[in-house]
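**Student:** Based on the sequences and whatever the hints tell you, model everything.
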Amino acid sequence: MVLFKRKPVQRIHTEIQDEDREVWMIPETQEIFTDYQSYLARLEFYKQKRFICEITGHSNMTYFEALKSETAHSNTVDETFPEPLKEPILRKVQFQTISRVDNLVDHIYELFKADFYPGEQVTVTLENGERCEAIVREKTRFPEMRNPFNNVIERSAFARYVVRVIDASDPENDIQVEENALQRDRKIFTKAMLRAFIKNTVAREAWNGAPWLVKDSYAHRYKIDTNVPDSLLRQSTSAARKLASQQRKETEQAMLPAKAKPEVTKKAATPKAPKGKGAAGANKTLNAPGGTLISLDVADNETEWATAGTPTKLNAKPIKLEEKVVKPPPPPPIKYPIDDLHVPYKEPTHVRPKLHFLEPSNVNGGIVINANGFADRTVSYMLETWVFLNVFCDTFHLDSFTFDDYADALQFSSVDTECELYNEVHCSLLKALVNEENGAVEIPLPELPYYDEGSDVEGADQPKTEEGAEAQPARPTYLDHDRMLTNGVRHRGGELPVEEGSDWISLLQRREFQEGGWQWIVSGLLYRLSLDGFYSLMATSLLEHLLPPGKPATKETVREQFLVMDVNLRALLLHLLVGLVTSTPKVRRYMEECSEDMTGLRKKKIEHQRNRKALLEDMRQLEDERKILLPENQPKSASPTPAATPALDEEGDTKMGTEDDSGEEDEKVRNLRKRKREEKSTPVPAAPKQTKNQIAFQKVLKKIAACKAKIDEQEAEIRTIDNDLREADCSRLRMLGTDRFYNRYWWFERNGMPYGGLPQSSTAEAKYANGVLWVQGLTEDDYHGFIEGYEPSEQYKTNLDVNMVERKLKDENGTSLENAHQWAYYDDPTELAALLEWLEQRGVRENKLKKELENLKEKIVEGMQNRKMYLQAFIDRLAAAGSGSEAILSTRSQSKATSSADPANVPNFRCLQWENGDALREIGHKHMDQPKPKTKGKKAAQGWGQKANRK
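Numbering follows the UniProt record's numbering, in which position 917 of the sequence shown is assigned residue number 917; successive positions increment by one, without gaps.
Incorrect hints may have been included.
Once the Cα atoms are required to be at most 25 Å apart in a straight line, the calculated BS3-like pairs of lysine-lysine come out as [as the list claims (entries may be wrong)]:
id	residue 1	residue 2
1	Lys215	Lys7
2	Lys710	Lys605
3	Lys215	Lys68
What follows is a set of in silico ranges between Cβ atoms, one per label pair, in the way DEER data are often shown [said to hold, decoys possible]:
id	residue 1	residue 2	range
4	Glu715	Arg589	28 to 38 Å
5	Lys627	Val162	31 to 41 Å
6	Ile704	Glu178	50 to 60 Å
7	Leu111	Asp174	54 to 64 Å
8	Glu28	Pro829	44 to 54 Å
9	Ile704	Lys857	50 to 60 Å
I should point out that these hints are in silico values taken from the structure, not numbers from a laboratory. No residue lacks a Cβ here, since even glycine has one placed at the ideal position from N, Cα and C.
**Tutor:** Set out below in structure tokens:
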């Protein structure tokens, strides 16, 4: 059975009274639940990695993994364990009371290692010393014989076997041998196999003294009695232990002197003896054999024992017994980690560092569109779309860009200057909606309404042909302005053109994006979405701004309204487009390709890991050889060189320098030159010849160095593959974790994109993509369920009797997030360090979050530092160029010629530095430009269509 905390998991049995009632069942356990919440709770319990396979002992598994492991190993044990030994071993194990399975295995192994049974295949040693395979046919056991007079053993017990030698020439070659001539194969009957067989076939209840019982299926197969003797039942063993304890106490009492032995009552209050009298004034409280409670005054060192017949010898005094106060048991020790809100609360020594909220920037291209600030959902939309565009930048042919540039691009608006980043993002998303070759729409759209002339009812009957059959639906006609106002519509989307070749689908197929083209296409798409469906309300709110009733429904109107569109509406529009694009075949194909790439990378990683394991084994063997050869190759310690002694004069005193010592210096120079000439003329002695051990030692050292180099190479390949797996993991964004108050922490560069963006991007010099640690607020359900409605359990109530709402405000240092639509961030390494100090390791959620942050701390800090340097470098370049707040906007041609070496050409806004170089490399033109005519061989010559290099 699967174990949980070393105890078998007990399955739930539910009786169903009503057969028509809806129930939920777990197929693996056949458990049935009448309540869906109970079903989910049980399923969540089974999915915890806290179960143990009883046969193998493997832990850290879910229930289903442990059950699968037990089933597989149970079948393996049944097939490999010798069949003739199963029944006798099970009969011997039945009702055994040895508690530890290891001791039971040792006991059974000693009994059966030299005992053989009919049907076993053994190795027999013949009289001539030849060994051959044989099968046991019969077994005869002879008991020991003792002398009846002196009880001396005259013959020990032994067994005699009849075995059949496996010989093709004589199939019935039976011989009789003694037990010492037989032997089993070492691989057939081992302690490990016996242990696995016992754990697979027997079970034991979790109480002290419980017997081992053979499982019902095996007991029925081998006809083993399963009726537990009365002496081994739990009630009998408990009564036996109590009886033994009582008999032990009576034996101790019987060992006292033969006189009457009253018991000293421990519950009576014993007054202290007066000072200075020692034990003379001490009172003793005794129980007389008759049951009378009396007090004795012990004088000097004499002790008088009270008996039932002589109570007058005692100075009897009435004594008042104290009531025994039963103290409650101490609370059980807390096993950490536990739920974060159950951690004993203390006044916080560390508070969470204050959060930073995204504020509108001072990007002003002549039109202010961020005066109202950011709505709650706007920051969420901006982060969502930025992550999507950077993760799928390859499939949309976009250069990666930083979040700061993206936020500025959404807030930038100018009549004279266009932001390439803003235009290219919209055009690339729109191109995924309609196929360029056949004009097929890649997303589901609501059906257009039909109107009969003179009919004001939407969905009127379609015209009939002369034969009475329904006619083919003609091109739909849209609502006119008067009918639009009558129906309460607050936009002029119904006046958009519908003629073949001029509608938004045809324009999008031809990729006519310039001169307000893509804005005009967006308006047509929004009207179609506003008719029905999930995006109806969002599309309607956007159309009310782009095509208001007071202005004509023209391309110029839409373009002008885009210039003054609020930043919150811009973020909403991109959120809508990204939501549409996620269901297109283009995105699905890219995700499938990434999934296939990840499968191939995992196989390569496994291969490199195997190579590294083999190299590590070779390295271990080489290290053993080096240690063996090391004592004979220890470098000899260098002999100390005598220190230079100062020159002495004739009297033994040290000579001191004088003002005129040029003669002495010349003499030193001559002596030095003389020594050099002598050294050159003296032949250099040949190096001593190395011994065989020294040569072998040097070879081992070279092999160790080469092996280390190969191991480093394999580890480098594994790190590269891990990074490629991280970048290819684009199916979903992975959260870092949650804190004690269920706030969620995100680092958006964690997976799906390179850490610093694409290296060939136009803003690759930034060396970061997002560069901040984002914090998302908790959901309303979490707030009402865990914060407002928090009730500590009885075990922790004494330590946590606090208002959780007040605690949240205090711990979060006054910067709390109210709902899941609010976002804030940390952008400084010191704040990250303070956050790690604040997180509590004793809580389950914060323990996991802290580990994730510590694992990624180096990359997060690097991103934060690069972000600060990038933002400050642009400010410094503007200051060097002399362009302050009064400088006029750079034109688009000036933006293209931007160079860090020429500060005069630096644009006034960071978002204008970005250029879509990936589109130029892959498709030969930018998304907003018209496609160039295709020429044969040009695509291959320029290398278009190749996958972007992320390394």
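**Student:** Which earlier hints turn out false for this structure, listed by number in ascending order?
**Tutor:** Violated hints: 5, 7 and 9; rest satisfied.
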